[in-house]
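Can you build the whole structure from these sequences, using the hints too?
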Amino acid sequence: MNGINTGDTAFVLFATALVMLMTPGLALFYAGMVRRKNVLSTTMHSYVAVVIVSLQWILIGYTLAFGKDISGLIGNFQFAGLNGVGFAPNPDYAATIPHQAFMLFQMMFAIITPALISGAIAERMKFMAFVVFLVLWTTLVYDPLAHWVWGVHGWIRDFGALDFAGGDVVHISSGVSALVAAIMLGGRKRKKAVTPHHIPMTMLGAGILWFGWFGFNAGSALGINSLALNAFVTTNTSAAASAIAWAVCEYIHRKKVTSLGVASGAVAGLVAITPGAGFVSPLASILIGLIGGAICFSSVTFLKSKIGYDDALDAFGCHGIGGIWGGIATGIFAWKGINAAGDNGLIHGNIALVGKQLVGIGATIVYAAVVTFLILLVIKKVIGLRVSDEEEQAGLDVSSHGEDAYGGLN
Amino acid sequence: MSEKLTKIDIITSPSKFDDLKDALNEIGVAGMTVSNVLGCGMQKGHKEYYRGNTVEMNLLQKVKVEIVVSDIPVKEVVEVAKKVLHTGNIGDGKIFVYEVQNVIRVSTGDEGKAALQYRDK
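From first to last, the protein sequence lines are chains A and B. My numbering puts the first residue of the first sequence at 1, with every later residue one more than the last. My numbering puts the first residue of the second sequence at 1001, with every later residue one more than the last.
No incorrect hints appear here.
Cβ-Cβ distance ranges computed for the label pairs, FRET-style:
#, chain 1, residue 1, chain 2, residue 2, range
1, B, Asn-1102, A, Phe-302, 45 to 55 Å
2, B, Thr-1108, A, Lys-380, 52 to 62 Å
3, A, Phe-302, B, Glu-1026, 23 to 33 Å
4, B, Asn-1053, A, Arg-36, 22 to 32 Å
5, A, Ile-52, B, Ile-1095, 38 to 48 Å
6, B, Thr-1108, A, Val-382, 51 to 61 Å
7, A, Gly-362, B, Ile-1095, 55 to 65 Å
Example chain A residues on the side facing chain B (calculated, C-beta under 10 Å, incomplete):
#, residue
8, Lys-189
9, Arg-190
10, Ala-193
11, Glu-391
12, Val-398
Hints are computed from structural coordinates only; laboratory data are not their basis. Yeah, the Cβ is synthetic: ideal placement off N, Cα and C, and Gly gets one too.
So this is what it looks like as structure tokens:
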């Protein structure tokens, strides 16, 4: 049957569904952290990503990312509208599963990446501005980046930088773009008075993210093999180690371990292991998680207040910083003993990989930041980015959506 | 000692609450009790939509601010609230003024005007 392995296919389709669930999980994670009056607006950001990218991907997104390479920079239009994307495998990417399965799996990554950015712009961005931003960002930032890092003859891939499941493509890109957006939008008014309105919702969201991340990382092996299993182990391990590290940092800082801290720590660990899940050993993933948790805690607790940007839900602090650390950590801990098709990192005697990782990371940061800045600049000039002061005070649920999340009297 | 204790309730739209809180702080009102309430008055309701069906909402989301003052003149509080909340349309809100029999600070046993005052440490 075309060389299709039913076990691999069932696994990848299952992983696809797991990753899809991560976006509603992200919606819960973020929505619990905002004020009651903005819970629906925040939830909407994630669901808007699902519905828009679902269409954009099958029309042009997939082909731009994974079509035949043009100069190492972008794919051609051979797969536009899923032309040529059928049941038969695409051996360039995954020889044992249907081409459609690969396309679908990748779609879920394209969906969650712009949703992550919504964390930085929560509680103050115009809805239409966000929608337009999303369409432009996924086409002009995500699709080219995915091509550079994962596409056949993509220049970062050919250069030799490693990104197993999306440290660059998903986390650094969204994290850095989030920082740019937070700065361009300006801070929320009276943000010092903001407290999360529903932490149980956030905890549930974090749990769903952790659950879905097994699909995100292990599924990126695109089949049932040693890499998938290794990625499964390292993913869980890094999350756990990072949660512990964050909790310890919290205790040292304020003598209290919070549930929000444990949840945030776990997410940071999941981010940090993403680029290296199929390249590093389980023991290495403990270190990656511990250090990632501590670094992300510091950036969320100290860096943000010192510099003063309002990255409302720590999209940059967790995904940007976590992704950067993860990329560098991959350069340190990668081992051919885990993945013969990968590379050896610093501790296995190869200094070059760290350099390659830094190039990939640097290119991602610069490209994402610059293009995001330009997109937002254009939107700002045409329709404006921010709601009015009165709309912000009343809350975006009622101002932008005419909706009341928690109903009336009874 | 003629010390009048006065309670002032201000009921207004959530979209003006932050401005009101800041303005009250500026004239020296430090303590307040705030609650989310549902209420209606002249506003017959605004339309909300649930899956395409209009629903007539007779009770609207409001914020209720309760403060008790003695030293700060009641007139000043009322003027500040009016200034911040006024748009001229229905839905600006209402202010209620009451006499208070007594105020007791539980931690020290202070009563009356003294219970409202904060000594600088």
